[in-house]
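One letter stands for each residue in the lines below.
Protein chains: 2
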Amino acid sequence: MSKKNEYVTEITNIEDDFAKWYTDIVLKAELADYSDTKGCIVIRPYGYKIWENIKNCIDKELKIIGIENTSFPLLIPESLLQKEKEHVEGFAPEVALVTEAGGKKLAEKLCIRPTSETIFMSMYSKWLKSWRDLPFLYNQWCNVLRWEKETRPFLRSREFLWQEGHTIHETEKEARELTLRILDIYAEVIENNLAMPVIKGKKTEIEKFSGAQETYTVESLMYDGRALQSGTSHYFGQNFTKPFDVKFQNRNSEDEYAYQTSWGTSTRLIGGIIMSHGDNRGLKLPPKIAPIQIIIVPISMKSDKVIEKCQEIYDKLSNQFRVKIDLRDQYSAGYKFNDWEMRGVPIRIELGLRDIENNQLTIVRRDTFEKFNLKMDELLKIGDILNKIQDNMYNTCLEHNMKKTSTVTTLNEFQEKINKNQGYIKAMWCGNSECENKIREITGAKSRCIPFDQEKISDICVCCGKKAKEMVIWGRQY
Amino acid sequence: MSKKNEYVTEITNIEDDFAKWYTDIVLKAELADYSDTKGCIVIRPYGYKIWENIKNCIDKELKIIGIENTSFPLLIPESLLQKEKEHVEGFAPEVALVTEAGGKKLAEKLCIRPTSETIFMSMYSKWLKSWRDLPFLYNQWCNVLRWEKETRPFLRSREFLWQEGHTIHETEKEARELTLRILDIYAEVIENNLAMPVIKGKKTEIEKFSGAQETYTVESLMYDGRALQSGTSHYFGQNFTKPFDVKFQNRNSEDEYAYQTSWGTSTRLIGGIIMSHGDNRGLKLPPKIAPIQIIIVPISMKSDKVIEKCQEIYDKLSNQFRVKIDLRDQYSAGYKFNDWEMRGVPIRIELGLRDIENNQLTIVRRDTFEKFNLKMDELLKIGDILNKIQDNMYNTCLEHNMKKTSTVTTLNEFQEKINKNQGYIKAMWCGNSECENKIREITGAKSRCIPFDQEKISDICVCCGKKAKEMVIWGRQY
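Residue numbers (the working numbering), protein chains in the order written: chain A, 257 to 734; chain B, 257 to 734.
Isolated chain A (complex conformation):
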């Protein structure tokens, strides 16, 4: 049996061609499909349920700290997008424009939002009067468009779904605190629910968001050693509130411009889950966000006794877990095993006549492929197994990341390590953009972030040899 055919025929081997393996999973597991609109995907029900689960986790945490949801217009007048110079320079090249509507040419072109800082600030300027009105803590779950040249499902799609939070505050301190509080929420949700370890840090000048004063990020490492920016949180100071005239009467009855933040996570997290956990059998989903946590497969579709028992197990589990029985009669049990493994379901319950005789069921873990029996009266222990899978998936990922992390002190070493191993490269940096650009040219790696957890590797910049300012994590990226 060839390496390629070992598990599911249609999936490319992960070690042979990671990009093709990724696309195979997206399509075969029915997470998404290419649409008639070039560069835009359809998120299919199985993929969308993952997004709903991620969304619920994030939304719940945001609501706890008082963030409120809103809905702002999809279309932004071109003149509004142009009000903040750096911002428009960053986004204008990727914007899609509505020029005709209702059978007429429009007097002013309308941009489909690539992000909504401008239109939020414009409304905030209208609503804000006094320090008593502050803070505004608003968020929206919506679609945005960025006209990318090369697209990949979930990772880089011309349209994607995300949440974008936009807040304004009375003081710089409060705004800065909120920026970091959100970053913590992103890190917690991604680590605890998506089982993806993250590194928290600050972006360099080159990598920060167009128009922001500071950008913070949570970075994840994929199985192939490339990094994925998994969520960002920006502090703007008064960069937008000044041109948009977002001011308030402060406690001293003076006019003051508000202090702003924005932050977002998107459906690219689904891409992150695929590439963090998947293997040659397909997708591997963390229990906390898996649309189906437990799949029940009857070994014999012809035995009423087996079908009834499966239904009984389903009834016992379905209040607490997301569970499904596979009753398709056109497929063999073996086909179903492969199929649900490919779709990443964390636990498979197999049930045959022998299991019924022994008053037990057979459990197979997707993460370790361990197969064992559980007595019928211990059925609810399955919750503990799901927790173990969740933890194991996180730890496996963390271990992998550690193996894929190198510490270097010279550019030669940098190049060697990243060519051999991809992964995160830890290296000292002088703080100069020229060195950052040079590193990128030579190694293909961008700075991921200046991590909060600093280590002193050496005294000098890995590139220019001058005095180092901080340790930076570098990597090739998605």
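Treat the hints with caution; some may be incorrect.
[Stated by the list, open to error] If you want the footprint, here are the derived chain B segments under chain A, 3+ residues with CB under 8 Å: (1) 287-298; (2) 376-383; (3) 446-457.
[Said to hold, decoys possible] Subject to a maximum C-alpha distance of 20 Å in a straight line, what follows is the list of computed DMTMM-like cross-link-like pairs (lysine to aspartate or glutamate): (4) B:458 <-> B:286; (5) A:385 <-> B:595; (6) A:382 <-> B:286; (7) B:311 <-> A:266; (8) A:284 <-> A:266; (9) A:305 <-> B:315.
[What the hints assert, rightly or not] Computed list of chain B residues with no C-beta within reach of chain A, every gap over 12 Å: (10) 325; (11) 386; (12) 567; (13) 611; (14) 618; (15) 676; (16) 702; (17) 709; (18) 715.
Simulated from the structure, these hints should not be mistaken for lab results. Where a beta carbon is used, it is the ideal one built from N, C-alpha and C, also for glycine.
Go by the hints and put chain B onto chain A.
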């Protein structure tokens, strides 16, 4: 005191100018605001929470019957929208077009979806192989654009939020059943949660959805006697599946085109809530979808004892109810009463030192303005009061609708009644579109629906005097 100033200064009297009253409430209760994008609104947090509550109600019911959520592209290639003749004729005049993107003119214009039948059918054609794959029961919660000339917040906005379900089935029977099952769900949610009585029926040929074989509707009547189409469900037969080649191998191994439905409800329901229940004090929200069900107002902000007791009450209620304390110290208790009445909160709890002494709290109902005391140990009876309010709001609306419904047998009577009373007009119809158009020209009323609950008013058509086919409900509309 003038009539206009009786309650909240800023709100136009409902009897003087209903349209202005409506806009006042939308703005003053901070449900929505006009945006920089003409014809598009911002849904503010208070309005958006109502939408989230409506959404949860509908989404839950849809999931129970097996509907799955998806996300389809916002942009639809022009050629795709043009594939079904009647459909494109209906929607082309209202479409917004993207003609430039990423700094370039596009080879083919892209329509912002006014509705998504075409792109769903195009994907279904790709996915569907065998009868075993059916049904596809997909839905999406998303934004759509229709370039209306005259816009009104929630009721007719160029962009609005909605859910659109698109299903295909193996048989006509199954598709027709689903069409009506969905209509029942809409009716139940709108009546039970939004406290708006509806009439279920079928649209006439003139009023049906572009491209549909049959359109079913739930119609509601607003306070001013105009009707609002609150949700529609369409049966398409094979009208789209043929041009889009959505076929499958049936149980006899023959090719067959699938049978299609689509159905939707939108943020216009928020407009319906405002106009069904509101009064001169402002918004009046049904408890089941109110963002805040109970507002606690301390009578004295200076007494720590009062504030503490309010907090205690809050803690006891907040697990079961959506409750808030108003601790703003820049406003008087009286101001707060008016403010929360204007925002439609179903129950107000007033708490002062005397209440504490008597171990009680003061309750004021928004629907009846009844004011009464509740002993502290009976606090959880507040759940029953919320239920009573919910029921009373529905019944009040139903009574109002009955008063506003007239039965007529001649066109003169029709004209007289609708000019005097607006409202629903019940009249017999021959089934001919010419009569329908004539009635519209003369009275300004369109057919709302051919209701499922038929009454035989007379034997002849109210317009032409020929043999009547069915009773139709007519009305001027939003």
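Outcome of the hint check:
1. 287-298: holds (count 7)
2. 376-383: holds (count 4)
3. 446-457: This one is violated; 0 residues, fewer than the three required, reach chain A with a Cβ under 8 Å.
4. B:458 <-> B:286: Outside the cut-off at roughly 36 Å; violated.
5. A:385 <-> B:595: Satisfied, since the Cα-Cα distance of roughly 18 Å is no more than 20 Å.
6. A:382 <-> B:286: holds (13 Å)
7. B:311 <-> A:266: Cα-Cα ~39 Å, so violated.
8. A:284 <-> A:266: holds (8 Å)
9. A:305 <-> B:315: holds (13 Å)
10. 325: violated (5 Å)
11. 386: Contrary to the label, residue 386 of chain B does not stay out of reach of chain A, its closest Cβ about 9 Å off (not over 12 Å).
12. 567: Holds: least Cβ distance 17 Å, greater than 12 Å.
13. 611: holds (28 Å)
14. 618: holds (27 Å)
15. 676: holds (36 Å)
16. 702: holds (22 Å)
17. 709: holds (36 Å)
18. 715: At roughly 45 Å from the nearest Cβ of chain A, residue 715 of chain B sits farther out than 12 Å, so the non-interface label holds.
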